[in-house]
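Visitor: Construct the entire structure; sequences and hints are all you get.
Everything in the sequence shown is counted per the UniProt record's numbering, starting at 1 for the first residue and increasing by one.
Think of the hints as simulated: they come from the structure by calculation, not from any bench.
Treat the hints loosely; a few may be bogus.
Stated by the list, open to error - Using 20 Å as the maximum straight-line C-alpha spacing, the simulated PhoX-like pairs for lysine-lysine come out as follows: (1) K67 to K353; (2) K353 to K92; (3) K146 to K89; (4) K65 to K92; (5) K270 to K250; (6) K79 to K171; (7) K171 to K92; (8) K4 to K79; (9) K188 to K230; (10) K353 to K333; (11) K353 to K148; (12) K212 to K267; (13) K89 to K4; (14) K79 to K122; (15) K79 to K118; (16) K258 to K212; (17) K27 to K46; (18) K114 to K92; (19) K49 to K3; (20) K270 to K321; (21) K122 to K89; (22) K122 to K135; (23) K267 to K171; (24) K321 to K333; (25) K353 to K89.
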Amino acid sequence: MVKKIALFGTYPPPYGGRSIHVKRLAKNLVDQNVEVHIYSNTGVLKKRKGIKLRKTKSILFYILKEKYDILHFHDRNFKLIAILVFLSKILKYKTVLTYHSFRDDPQSYNLIEKLLFKYCIKRIDQFICVGSNEKEKLSQFVSNSKIKVIHSYIHPFEDEGDYHLIPDNVKDFIQNSNFLITANGNIKFFNNEDMYGFDLLIELLNYLVNHKSYNVQLLLAVLGVNEQTKDEKEYYNLLQKKIQQYKLNKYICIYEVKDTELFPILKRSKLFIRPTNTDSYGISIAEAIYAGIPAIASNVCERPEGTVLFESRNIDDLCSKTLEIIENYEYSKQKINNFKSEDCFNSIFSLYKRIYDDIKDMRED
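Guide: And the structure:
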């Protein structure tokens with residue numbers, strides 16, 4: 001039986017798809033009587049039996065002290081991974097790396113980065129890709145036998161008081177909304193476009209409110225505001241000016257997320273939209289469907305079953321799909337009840353158990 005696992009990756013806050021995954025994975029492992037140590041340079045851990053949150057810089061001390069079964073990486077810090085992979089062969093640990101995304105090109109790495117990448121990629125025991133796009137890219141460097149596709153969604157658990165952590169002005173906007181549409185993401189660019197499609201969402205509200213006279217509201221949960229670059233800040237300001245230009249201030253609420261999850265807001269929404277121009281899966285889409293909320297998303301990757309897809313960056317298609325759901329909302333809600341978001345924890349835990357069998361054989365030799 002797996003006894004102790006070290007997880008490496010961002011732990012909330014800040015909140016995002018990857019940090020939420022690490023948080024939920026750790027909680028579920030503890031429920032299976034596994035001791036979990038999380039190595040992260042961020043995060044605030046509420047007291048939870050069986051979980052320890054440590055700074056990544058302390059790992060070289062603990063890697064010798066603790067007897068881990070598995071080291072599971074969720075960030076691609078290949079310098080750190082290379083050291084730990086080397087030590088794992090001596091200490092007889094197994095290593096796992098999850099590719100939550102694969103937007104970079106290893107061919108563009110500098111010499112040191114290429115050497116670290118090649119060293120790690122050959123020696124990591126198991127890879128998890130959250131989607132087929134990631135697997136296709138990774139399989140250029142790794143045997144398919146070492147790659148497992150497992151989506152990153154794990155059912156949410158709402159701690160007591162999560163909703164109360166949301167600022168009062170945002171809660172007021174939610175409570176006073178007639179038809180609340182929710183979206184989330186960072187101000188980022190991909191292929192010189194708005195990666196999370198905030199520009200499309202503002203155009204969508206302009207269409208629904210100013211052209212179709214619908215009483216709908218949009219909540220934009222914006223992550224990582226304090227980490228924005230100069231260009232990202234300028235673009236963020238342009239988006240806010242666009243909202244004013246369209247006179248949508250009463251219809252759009254920008255919530256700069258700091259220490260709260262999206263799920264309490266999703267439960268109180270009518271529709272969730274994820275108009276990304278690149279993606280790996282979309283945990284928040286699965287959360288919406290789990291909460292019984294219709295979800296629309298771009299067709300850039302495999303999406304959770306039940307998602308309504310629109311052509312990426314096509315505002316006309318997005319408007320059409322949104323209008324169809326609004327005008328047939330009860331029917332759309334009933335359709336969602338036929339789908340269940342697939343929780344990936346059991347698949348990950350089964351993989352851990354298989355790896356652990358290899359560890360036992362290795363340690364007995």
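Visitor: Confirm or reject each hint.
Guide: Structure-based check of each hint:
no., hint, in the structure
1, K67 to K353, "holds, 16 Å"
2, K353 to K92, "holds, 16 Å"
3, K146 to K89, "holds, 17 Å"
4, K65 to K92, "holds, 13 Å"
5, K270 to K250, "holds, 18 Å"
6, K79 to K171, "violated, 43 Å"
7, K171 to K92, "violated, 50 Å"
8, K4 to K79, "violated, 23 Å"
9, K188 to K230, "holds, 11 Å"
10, K353 to K333, "violated, 38 Å"
11, K353 to K148, "holds, 14 Å"
12, K212 to K267, "violated, 26 Å"
13, K89 to K4, "holds, 17 Å"
14, K79 to K122, "holds, 14 Å"
15, K79 to K118, "holds, 11 Å"
16, K258 to K212, "violated, 34 Å"
17, K27 to K46, "holds, 11 Å"
18, K114 to K92, "violated, 26 Å"
19, K49 to K3, "holds, 14 Å"
20, K270 to K321, "holds, 14 Å"
21, K122 to K89, "holds, 13 Å"
22, K122 to K135, "holds, 16 Å"
23, K267 to K171, "holds, 13 Å"
24, K321 to K333, "holds, 14 Å"
25, K353 to K89, "holds, 19 Å"
Checked against the numbered hints listed earlier, the structure breaks hints 6, 7, 8, 10, 12, 16 and 18; every other hint is satisfied.
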